[in-house]
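Undergrad: Going down the list, the sequences are from chains E and Y.
Under the working numbering, read the first sequence as residues 1 to 195, first letter to last.
Under the working numbering, read the second sequence as residues 1 to 52, first letter to last.
Simulated from the structure, these hints should not be mistaken for lab results.
Be aware that a few hints might be false.
[Claimed, not checked] 16 angstroms max Cα-Cα, derived EDC-like pairs, lysine to aspartate or glutamate:
hint, chain 1, residue 1, chain 2, residue 2
1, Y, K51, E, D18
2, E, K35, E, D4
3, E, K72, Y, D24
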Amino acid sequence: MTLDDCTLIPYDGKALSDCDYFDCGHKDLNEFFAKDSLAYSEQLLGKTYCFTSNENPKVIIAAFSVANDSVKTTHLPQSRKQKVQKLIPYPKVMRSYPAVLIGRLGVNKDVARGGIGTELMDFIKAWFIDSKNKTGCRYVVADAYNEERPIKFYERNQFTFLFSSEEQEKEYLRLPLDKPLKTRLMFFDLIVLRT
Amino acid sequence: MAITIKSIPVLTDEVAATFIAIADRNFSKKKASVDFSKQVAKANKILAKAKI
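Could you put together the complete structure from these sequences and hints?
TA: Listed below in structure tokens is the structure:
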């Protein structure tokens, strides 16, 4: 099974009613796709898409939620600021780097571990560097479950942590330092891709 | 309800400096280093038959 054997459709109320239950083998992810993703879309916070099997369109092979976001930076040392402004023609704009945030991404547990997750990630990267893309996008940022398997998946796909430690991420997000961090922000720079 | 999806916070101080340094380095390379043309061609095929 590859994405060539699938069709990309919106993951909306129709998909939810037409398709079989989408089981990624992860309780929280299943709950998001079964319940929360519609509310997420209705509030225009993001959009969810899925790939259905061409052989049996009731079967969802993979799904993902994406949202517009940006990486904003402040407080640059003066020397660094000057260097960046020399290299980037619109420094004021480029202090806010446009990004697409992958909120959630899941693969049907029956086809997982066959490389379809990486294929999906390549599709998302390609989609956002496509010349038909109406707005610029410099980064793909993922809010990855802070668990071994998803973190390794994103690392395999050349993502790196936005924050160097869990403690630093908690501080930035103002999360309790004594509670476990449930997700980690990771990023990929689309500028390294040549088309 | 599932775990809430995080937004990206504003990066400041050392985190901002590190991020900018990497962005700067990647930008200043003469050409992109990863050939992604096959993946883009495949994505275009997927999008051509997509129902979105």
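Undergrad: Indicate, hint by hint, whether the structure satisfies it.
TA: Comparing the hints with the structure gives:
Annotation: proposed proximity of K51 of chain Y to D18 of chain E holds, straight-line Cα distance about 15 angstroms (limit 16 angstroms). A hinted pair counts as satisfied when its Cα atoms are at most 16 angstroms apart, and K35 of chain E with D4 of chain E does not qualify at roughly 28 angstroms. Proximity of K72 of chain E to D24 of chain Y is assessed by CA-CA distance (about 14 angstroms); at most 16 angstroms being required, the pair is judged to hold.
Consistency note: the structure conflicts with earlier hint 2 alone.
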